[in-house]
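Q: Sequences and hints are given; from them, build the entire structure.
379 is the number of the first residue of the first sequence in my numbering; add one for each residue after it.
The hints are simulated quantities; they were obtained by calculation from the structure and are not laboratory data.
Treat each hint with caution, since some may be false.
As the list claims (entries may be wrong) - Below, a list of computed lysine-lysine pairs in the DSS-like style, where the Cα atoms sit at most 27 Å apart:
#1 Lys859 x Lys892
#2 Lys388 x Lys1042
#3 Lys581 x Lys635
#4 Lys986 x Lys859
#5 Lys755 x Lys890
#6 Lys581 x Lys688
#7 Lys776 x Lys890
#8 Lys1078 x Lys979
#9 Lys906 x Lys773
#10 Lys635 x Lys688
#11 Lys455 x Lys768
#12 Lys688 x Lys768
#13 Lys1143 x Lys963
#14 Lys1131 x Lys1218
#15 Lys713 x Lys688
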Amino acid sequence: MAKKLEEMDKAYEPSKYEDDIYKIWEESGFFNPDNLDTKGKAFTISMPPPNATGILHLGHAAALAYEDLMIRYRRLKGDKTLWVPGTDHAAIATQTKVEKILAEEGTNRQKLGRDKFLTRVKEFVAGSQNTIRNQTRKMGASCDWSRERYTFDDGLSQAVNEAFVRMYNDGLIEKDYRIVNWCPRCESTLADDEVEHQEQDAKLYYIKYGPFVVATTRPETKLADTGVAVNPSDKRYKEYVGQTLDVDLAGHQIKVKIFADKELDKDFGSGVVGVTPAHSATDYDFAQRHSLEVIKLINEQGIIMKTGGKYEGKTVLEAREVFVKDLEAADQIDKVEDFKNNLSICYRCDTAIEPLTSDQWFVRVNKEIPGRGKSLKTLATLAVKDGDIKILPEKFNKIYYHWMDNLHDWCISRQIWWGHRIPVWYTEDNEVIVAQNEAEAQEKANGKKLRQDEDTLDTWFSSSLWTFSTLGWPEQTEDLKNFHPTGVMETGYDILFFWVARMILMTEYILKDKPFETVYLHGMIRDKEGKKMSKSLGNGINPLEMIDNFGTDALRLSLIIGSAPGADMRLYEEKIAGYRNFVNKLWNISRFIFSNVDEIKRIDKQPKAKTLADRWILAKFNQVNQRVTEHLDNHKFSEAGVELYHFTWGDFADWYLEIAKIEKDKDEILLYILERLLILYHPFTPFVTEVIWKQFNNDKLLMIEKWPDSAKFEDSVISDFSELKELVVALRNLKAANKISPTEFPDCFIASKVLEKDYLELAAKMARVNLVDKKINVEAKLINSSTVYVDLSKELSDKEKQDLKKYIISTEAKLTNNEFINNAPAKVIEDTKKRLAEVKNKLK
RNA sequence: GGGCGCUUAGCUCAGCUGGCUAGAGCAUCUCGUUUACACCGAGAGGGUCGGGGGUUCGAGUCCCUCAGCGCCCACCA
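A: Laid out in structure tokens, this is it:
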């Protein structure tokens, strides 16, 4: 019997349904591909671990929207679809965050001690992980929670150690004394790309320095100079090159070797530079090339060491102030200029970086890998160059290559406490043992006393293993076999280097395979003025608040439509509200259809079209179905969404539903299209579509339905129907322009060469005119193939006339131009002629 | 100092490999208790596609150049 319509509210209220729907999905088990009834191929996404601070911001919301869109699409297409969620320990970020909390409590990690501090961090992480899980659910993410991973899980920690040991054995990891980026606040090294630059106003001091004047922004470092550099072509200082000079700096004695190097710009400053190998990366390179002594002056706390003589114990800034005063007193300051330079700062805490020499662990990116004939860098470059991995948008290829080309050895040891301990042990006789775990190390130690390296690994080291460590590596698991390489890596372009590049590098090395086929890089979300959203500016939009106000589906649409890979996007409340309106429209379209059909049921086959409108809407739907599928296959999410939006609101609702009120007897077509439309919409707006879907009283959830194939359709029907549409619009225009109220039905006689009587009647109803079959004694209007006699006297506006005339003149000129006739394709010429005829007709 | 991108209606943006009278949403104005939806419907106004030059039968689309804005990279001390 006819299924009775379950009550649908007049307006869709997302908050009434969303949580329940998510629970139904999650309990269904279909987030787990093992429960999917499919023989399809595997499609996997590894969820990028959200930041451990525990607050979902719009960037995460956007990422989840794009990822869930891909995942739901592939699941509907019948692929064995897996989305692995997870969190990482985010070493420096998390430690910094917890240290801030401790500071507010008036304590610090040193006072707590390593163990207590780590307990505290673990508590914090547990809390934020929970928050993140709930927020991820709020976004509707259909990820497989049963496979959730965390970088500190046993398996993943084992993966980290295994990778380290392998690289060590291949000579790709080594300990070395080199210059590193040091953050005095974190008291840890940083990788090159973890250093940011900030322009600042500085002073450039010109110091009388033996026979020279040298310019520097950091006078205090001159205390540890061991060399002086000049340009080889600089005649002024030629005589000194090769000499070693004793220099007195306000009483502090240094010994410097003078050398020539072409890297030196003779036109900058005085053309002479004092070289401080221990505290400048450039100077360190000079020291390597010219065998200079390296004297460390500044320690890891940013304090001047014994080598600084009487300045020992002062901070860098204090030392600078006093030393400059001393130099002034000794008449050794030649001049001081204002200067803009880039200050290097820590990307997590903004503290000024102190370059210094230190004993650290490095990944050697340029060294040939035994048995592979290539370096890590080459492997990672080729993976993209050979087309094995596709980066979207393509412009990031170049940026990727450039970064790889300039990549230096990667410093992976960190002195922070929160992280994977380096799997290296030292014995009482200073033997170095690299092992999977302590037990193995003990075995190797033969009873000698062991001490594990105090340092932890760069968080990006463990993250670089993410796509396969989350699938069980180093065990050869079924999951690893089935789901790796993953399909798409979706993330922000801001972490292309930090993460994406390193995943490629490590996966190519360890698995001799790519981590993913496609990299989809989304842009940054900005406010309406294009500014970055931030707490301090107070312009941030809280996604959870938007979900409360407008629903998750609306938020997702606002993030998907209008966004292109790699391009930043502006978001603001009005936009989200607009999509809330749209979701409501979809709801009401469904409500209208359900309340008008005799029986709510599924329609398997495309119903027979009875009228022109039927043929048109079916053709149009098939066209949209096809385009949406193509766009999604090509990662053009926005285009796919726009296509659906216009069809739904413009064609289906504004035209076909209105026609359905007049022509009647369209149950099957309405249900057929609605049913499929809901599937097409599901990846975009999973919640509202699943709620509406329940009206079909299916056992099966929408989320595992089958993506519709588009049937063949005739293009010509679409243009035929536009004849009818134009007639209706023209009649409405005539009425509006003549201030005829919509409630009045003026008499109208229409003669058409194309449209049959039925359609003229339909057009008349839609345009709200009274169709008569007697010619009316007024001037005729031509609308395409129809001649309309309606008792109004609407004229084309002057502007309209002018535009049309302009068009006629230029088009006639074009058509009489032989070059155009000879060169343009026949179709273009034909279309141009047709359009000209139409316009002329209009002007009559 | 290199490299990349952007500039289309008042606002936010589409416009693929050059060929519909440049489009959409929001905003504005007019009208509207039509069997869903005012989170709605019908209609209107609004653009010399940043400036200049070039290639072409044809340029918002390709090339050059200038201007403005933004981003990334880089060891000018």
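Q: Hints first: check each against the structure and report whether it holds.
A: A quick look at each hint next to the structure:
Of the pairs offered as hints, the one joining Lys859 and Lys892 holds, with about 13 Å between alpha carbons and a cut-off of 27 Å not exceeded. Distance restraint check for Lys388 and Lys1042: the Cα-Cα separation of roughly 23 Å lies within the 27 Å cut-off, and the hinted pair is therefore satisfied. Note on Lys581 and Lys635: the hinted pairing holds, with a Cα-Cα distance of about 26 Å set against a maximum of 27 Å. Of the supplied pair hints, the one linking Lys986 and Lys859 is violated, its CA atoms being roughly 47 Å apart against a limit of 27 Å.
Restraint check for Lys755 and Lys890: the C-alpha separation of about 14 Å stays at or below 27 Å, so the hint holds. As the CA atoms of Lys581 and Lys688 are separated by approximately 23 Å, the hinted pair is consistent with the 27 Å bound. Taking the CA atoms of Lys776 and Lys890, the gap is near 23 Å; set against the 27 Å cutoff, the hint holds. For the suggested pair Lys1078 and Lys979, the alpha carbons sit about 14 Å apart, so the restraint of at most 27 Å is met.
Taking the CA atoms of Lys906 and Lys773, the gap is near 26 Å; set against the 27 Å cutoff, the hint holds. Restraint check for Lys635 and Lys688: the C-alpha separation of about 23 Å stays at or below 27 Å, so the hint holds. A hinted pair counts as satisfied when its Cα atoms are at most 27 Å apart, and Lys455 with Lys768 qualifies at roughly 22 Å. A threshold of 27 Å between alpha carbons decides the hint, and for Lys688 with Lys768 the separation of about 58 Å lies outside it, so the pair is violated.
Between the alpha carbons of Lys1143 and Lys963 the distance comes to roughly 24 Å, so the proposed pair stays at or under 27 Å and holds. Only pairs whose Cα atoms come within 27 Å are accepted, and Lys1131 paired with Lys1218 is accepted, the gap being roughly 17 Å. Straight-line distance between C-alpha atoms of Lys713 and Lys688 comes to about 24 Å, which keeps the hinted pair within the 27 Å bound.
Hint compliance for this structure: hints 4 and 12 are broken, all remaining hints hold.
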